[in-house]
Amino acid sequence: MPARTTARPAPPRPTPATPIPGLLDHITAHSLDEDYAHVSAQRAAAAEKPVKPGSAALVVMLLFGLLVAIAGIRTAHNAPASQTNHAELVTQVKAQSAKVDALRRQIDGLQGDISSLQGQSAQAAAEGQSLSTQLTRLGVLAGTVPVQGPGVRIVVDDAPDGSAHVKDTDLQLLVNGLWQAGAEAIAINGQGAKTFGTAPERLTSLSAIREAGSAITVNYHRSLSPPYVITAIGNQNQLPARFSNTSGGQAWFDLHAVFGLRFQMTPEESLTLPAAHRLSLHVATTPVTLR
Amino acid sequence: MIAGLGLLIGIVLGLLLQPQVPLWMEPYLPIAVVAALDAVFGALRAFLDGIFDDKVFVVSFVSNVLIAALIVYLGDKLGVGGQLATGVIVVLGIRIFSNVAAIRRHIFHA
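Line by line, the protein sequences give chains A and B.
If you read the first sequence in our numbering, its first letter stands for residue 1, the second for the next number, and so on.
If you read the second sequence in our numbering, its first letter stands for residue 1001, the second for the next number, and so on.
In short, the hints are calculated from the structure, not lab data.
Note that the coordinates shown come from a computational prediction; the quantities given were computed from them, not determined experimentally.
Misleading hints may appear alongside valid ones.
To be verified - Label-pair restraints from in silico Cβ distances: (1) A:I107 <-> B:L1074: 54 to 60 Å; (2) B:Q1020 <-> A:T84: 16 to 22 Å; (3) B:Q1018 <-> A:T84: 41 to 47 Å.
Glycine included, every Cβ here is placed at the ideal spot set by N, Cα and C.
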């Protein structure tokens, strides 16, 4: 009969004889180096006398003192350094933020300056524009700038049979008559004056027409010879009629009728008159009260 | 007596000479001081127990300081220097407190 093996329950594991103490308990229980007890027990077994602390202990304690002193000095050195660093940083931050504030105020002030200067500049530009326009208008009147517009072209010449010549006074009469008739700009040119080019001579308040020898001189330097071409800018419809009413027109009517001088007036749609050559004043100045 | 004399001379020497410590050694000074403190209090307790021994004191002092510094150095290299230093200080601190308690019992017989 086979032996029946009865499954017996395994005996419970025996708990360790020495229970594992807690870590803290262990540390507390073994806080003293066990070597001291060990060496002491050996000495007791060898029947030796317990030793007193000797020179080795002195050296070790000296080393300990040195270590403590060094550590203390290092800590004392570092603490004030970090403190002064902190104070210095605070001072720097304060100084820099004060600087930033000052710069902000400066920016505000400068922006105000900029806007006021921009206003001034715009005003000055407008003034300059108006002054420039005014200067051009005055230049047209004074003859310092070229001028363009409708007007009349008058050609006068000596009598075809050579019995009568155009004199300086005749041209003066003609020009004065044109001014009187409302001409705004007048230029004169002699078609025969080929040696001096063909650009007409603008007549200004400083111009003079006079006879020098056989030739007629304009503006003191330009000698003209017939036929003379006078261009005048003005109302091309009114200018001829009003000219014929002036004394100059009357005189030229007579000159044409009596002496046979050639006189031909044609309206022009567009005339261009050059600027006067020389318009500088050497002696005349404005009175102090007008400046 | 002789140990107190050594301690006094060491502190005075340190304060007078103010030796320059290399920069790499500076982080290990506090932990070395704590380890040395543990060895010193252990020696004092052994002295009061009447089982003091010069050789054991020297060995425990040097090994305490070196091992504490080594653990912290290793921790620094591994990037856990702060945690290891804390662990060392906790263990040494408990040892110091229990040794000081034993010394107190010796002195005041309490």
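Verification of the hints:
At roughly 57 Å, the beta-carbon separation of I107 (chain A) and L1074 (chain B) lies within the given 54 to 60 Å, and the hint holds. At about 21 Å, the CB distance of Q1020 (chain B) to T84 (chain A) agrees with the hint of 16 to 22 Å. For the pair Q1018 (chain B) and T84 (chain A), the supplied restraint of 41 to 47 Å is violated, since their beta-carbon distance comes to about 20 Å.
Hint violations for this structure: number 3 only, all remaining hints satisfied.
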